[in-house]
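Protein chains in written order, with my numbering: chain W, 28 to 364; chain X, 26 to 338.
Simulated from the structure, these hints should not be mistaken for lab results.
Virtual Cβ for every residue (Gly too), placed ideally from N, Cα, C.
Any given hint could be a false lead.
Label pairs and their in silico Cβ distance ranges [said to hold, decoys possible]:
id, chain 1, residue 1, chain 2, residue 2, range
1, W, V221, X, W166, 48 to 56 Å
2, W, A177, X, V54, 34 to 42 Å
3, X, G132, W, E260, 29 to 37 Å
4, X, Q32, W, L271, 53 to 61 Å
5, X, V54, W, V180, 23 to 31 Å
6, W, R202, X, L34, 40 to 48 Å
7, X, G164, W, L205, 54 to 62 Å
8, W, N122, X, A205, 43 to 51 Å
9, W, E260, X, S267, 52 to 60 Å
10, X, L34, W, A177, 40 to 48 Å
11, X, W166, W, Q99, 41 to 49 Å
12, X, I51, W, V221, 17 to 25 Å
13, X, R31, W, R173, 25 to 33 Å
Below are the DSS-like pairs computed for lysine-lysine, each with C-alpha atoms no more than 27 Å apart in a straight line [as the list claims (entries may be wrong)]:
id, chain 1, residue 1, chain 2, residue 2
14, X, K133, X, K192
15, X, K167, W, K326
16, W, K326, W, K37
17, X, K133, W, K37
Here is how the chains run, residue by residue.
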Amino acid sequence: MIRFDYLVRKVIFAVITLAVVIVFNFLLFRILPGDPVKLLFRNPRLTRQAQEQIRVQFGLDKPIWLDTEALQSGDLEKAFDSQFTAYVRNLFQGNLGISFATRQDVGEVLGERVWRTVVLVFTGETLAIVIGVVVGLAAAWRRGTRLDTAALVLGLLTWALPTFFLGIILLILARGVLPSGGMVTPGYAAEGTVAYWLDVARHLILPTITLAVVSASGYMLIMRSSVVEVLAEDYILTAKAKGLSTAQILRDHALKNAMLPMITIIALTLGYTVGGAIQVETVFSWPGIGRLIYDSVAKQDYPVLQGAFLLLAISVILANLAADILYSVLDPRVKVN
Amino acid sequence: MLKYIRQFLHRPSGLIGTIMLAVVVIAAVFAPWIAPYNPYERVQVQASDILAPPDSAHLLGRDDAGKDVFSQLIYGARVSLLVGFTASFVSMFIGTTVGLISGFYGGKVDNFLMRIVDFLLVIPDLPLALVIIAVWGRGLWKIIFVISILGWTYTARLVRSQTLSIKERQFVLRARAIGANNLRIIVRHVLPQVIPLIIAQAVLDISASILAESSLSFLGLGDPTLVTWGNMLNFAFERAISRQAWWFLLPPGFAILWVSMALILMGSTLEEIVNPRIKSHHLFNPRRMVSLVLPVPPESTPVPAIPTAQEDS
C-alpha cells in the first residue's frame, strides 16, 4: 500500500523507456544512411510479389511521421496514416517483417530461438550468482588473508578477460572431451527424450561456465565490498556480543543485508549479461538470439537484427522493472520520497 | 600531486599496472621499429605459409593470409590504445559535464538528466552498439563515437553524488558570499575536488572501451581496414579454430587481457588512494576485534578524500 506511488513511478519509467526504444528502433532503420528498407528493392533475391508486400506493409509511399497537409484539412485518419504508425501497428500485431536471408517471418525465427537463450542466460546467471555470493562472502569475512587476495586477483583477472576469449580458451582446452558447439549432436534426437536432454545439457556445459565465470567476478567484487561494509555496522558487533557464532552472524545478519544491493546489481548488469550471451553463443554456435544476431550482421539481415535487438531491450527493461518491484517488497525502507 | 604519484607507485598494484601499460604504450608508439614486418603491406605467400606455426623468422607464426602474427599484434596495440583513450576521454567529458550540472543545479534539470542516465543504464550496451554499427557501417571513428556515447553514465552518477555533497560545504558558501557566480564556483571550486575521482574512473573506463571495441570487432563489426586485436580474433575464430592454430588464436586475446588488466590495476589503485573506505570490520579477527573497530565517520554523506588549500582560502 505505502509503496504504491513508487511502483507507479517505476512502471511509468519502464513504459517511457519502451516507447523510446521503439521510436529509436524505427528511426535507426529508416533515417540513417543506407536506409535498409529501401535497400530491399535492390535485393535481387526477392520476388516482385514479395517487394510489393513489403512496400504495402512498411507503407513506404506514406510520409514518415505525419501527413501535414491532411492534418490541416482536418482529415485525421489520413494524417496519422504514416510509416511510423504502420510500424507501430505491425509491432503490436507481432509482425516484425520477414528475414532478408531466409524469407521466414522474423517473429517466428525469434520465437523458436528465444527459449534457448533464456536457458543459457538462466543457468549461467544462477551459477554466477551462487559463485559470486559465496566467494564474495568468504573473501569479505577473511579480509586481508590469502583467501581474500586470491579471490580478488582471480576476480580482477576474469573481469579483464573478454567473454569471447574465455570461450575460445575453454573450447581449445575441452576439445575432444565436450562438444565444441551447437545444441545437439546431429542425429542424436532419435534416441529418446532423456538421451536428447542429456545431450543438450552436455552442450550447455561450456557456454554456461563461460557466461558464469565472467559475470561472477562482478558479483563477487560487489558482494565482497557490500559485506565488508555490513560487517563494520554496529549490529554485527551486537550480534557478536550476544554470543552468536560466526556462521550465524554471516548467514542471518551479514548475508541478508548485503544481498539487498545485489538484487539491483543483478538487474542492472543483465544488459551486460545479454551482451556476454551474444559472445558466448557466437563462440559455441549455440543457436539462440545471440548467434542469430552474429549471423544477421554477416548477412546484413536487417529485419532480423532489428527484431532481435527489440526483443533483448524489452526483456532487459521488464527484468529491471521486476527487480525494482522485488526490491520494494524485500526492503521495507523503500517508500515514497 | 607528487605525493599521490609516490603513493600510487608505492603500491604493488599501481606499480605493476603502470609497468604493464608502459609495455603496451612503447609497443604502440615504436611499432614500425619493433615489428619485423609491416602488416599493412601486401605479401607474396605460398600455400605452406598459410597458418604456418612459429619459427625463427615468425615468432608467433603466420595467419590465414600468410602474414606475421607478431607484427599484427604490435600494430594492434595502436588501435586499442587509440580507441580506449579517445572514447574514455569523450565519455569522461560528457559524464563530468552532466554530473556537475545535474548535481549543482538539481531540480528539474537534475531529474531530466538522471532519467537519461537511467535509460542508458537499462538499455543493453553491446546489442545497441551492434545494431548501430551494423546499420551505420563499420569504421574506427563510428566505433569510438558509439562507445563514448554509451559509456558516460557511471561517471555522471559519480560526479553528481560528489557535487551534491561538495556544494553544501563551507568554502563553496563562502565563495558565493563574496560574489562568485555559478560557473566560477563549478569550475574553480567543485571541479578540482571531483577530478581525482574522475581520473580513477576514466582509467577504468579505458579498459571498458578497449573491451567493447574488441567485442565489436570479434563479432565482425570492426574497422575492416585496420589491424586490430579484435579483428585478428575474428579471423582466427572464423578460419583457424578448426586447425587449432593456437599461435593465431591466443596472442591477440592475451594482449587484450594484458592491457585491460593493467588499466584495471591502475584504476582500482587510484580509486583506493583518492577514496579510502573502511579499513576493517568486526569479524576480521575475533580476538582483537574491539581494538580494531575504527571510529565511525561523522557524516554519512560521501566525504571527498582530499583536503585542499581551497578549504581554508
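Hints and how they fare:
Under the hint 48 to 56 Å, the C-beta atoms of V221 (chain W) and W166 (chain X), about 54 Å apart, fit the expected range. At about 35 Å, the beta-carbon gap between A177 (chain W) and V54 (chain X) stays in the expected band of 34 to 42 Å. Against the hinted window of 29 to 37 Å, the Cβ-Cβ separation of G132 (chain X) and E260 (chain W) comes to about 33 Å, which satisfies the hint. At about 39 Å, the CB distance of Q32 (chain X) to L271 (chain W) disagrees with the hint of 53 to 61 Å.
At roughly 29 Å, the beta carbons of V54 (chain X) and V180 (chain W) sit within the given window of 23 to 31 Å. At roughly 43 Å, the beta-carbon separation of R202 (chain W) and L34 (chain X) lies within the given 40 to 48 Å, and the hint holds. Taking 54 to 62 Å as the suggested C-beta distance range, the pair G164 (chain X) and L205 (chain W) does not conform, at roughly 38 Å. Separated by about 59 Å at the C-beta atoms, N122 (chain W) and A205 (chain X) break the suggested range of 43 to 51 Å.
Separated by about 55 Å at the C-beta atoms, E260 (chain W) and S267 (chain X) satisfy the suggested range of 52 to 60 Å. Evaluation of the 40 to 48 Å hint for L34 (chain X) and A177 (chain W) yields a failure: the beta carbon distance comes to about 24 Å. Between W166 (chain X) and Q99 (chain W) the beta carbons are some 42 Å apart, a value that agrees with the proposed interval 41 to 49 Å. For the hinted restraint 17 to 25 Å between I51 (chain X) and V221 (chain W), the CB-CB distance of approximately 58 Å leaves it violated.
Take R31 (chain X) and R173 (chain W): their Cβ atoms lie about 28 Å apart, and the range 25 to 33 Å holds. With a CA separation close to 18 Å, the supplied pair K133 (chain X) and K192 (chain X) stays within the 27 Å bound. Restraint check for K167 (chain X) and K326 (chain W): satisfied, since their Cα atoms lie roughly 20 Å apart, inside the 27 Å limit. Our distance criterion of 27 Å between C-alpha atoms is broken by K326 (chain W) and K37 (chain W), whose separation comes to about 38 Å.
Restraint check for K133 (chain X) and K37 (chain W): the C-alpha separation of about 18 Å stays at or below 27 Å, so the hint holds.
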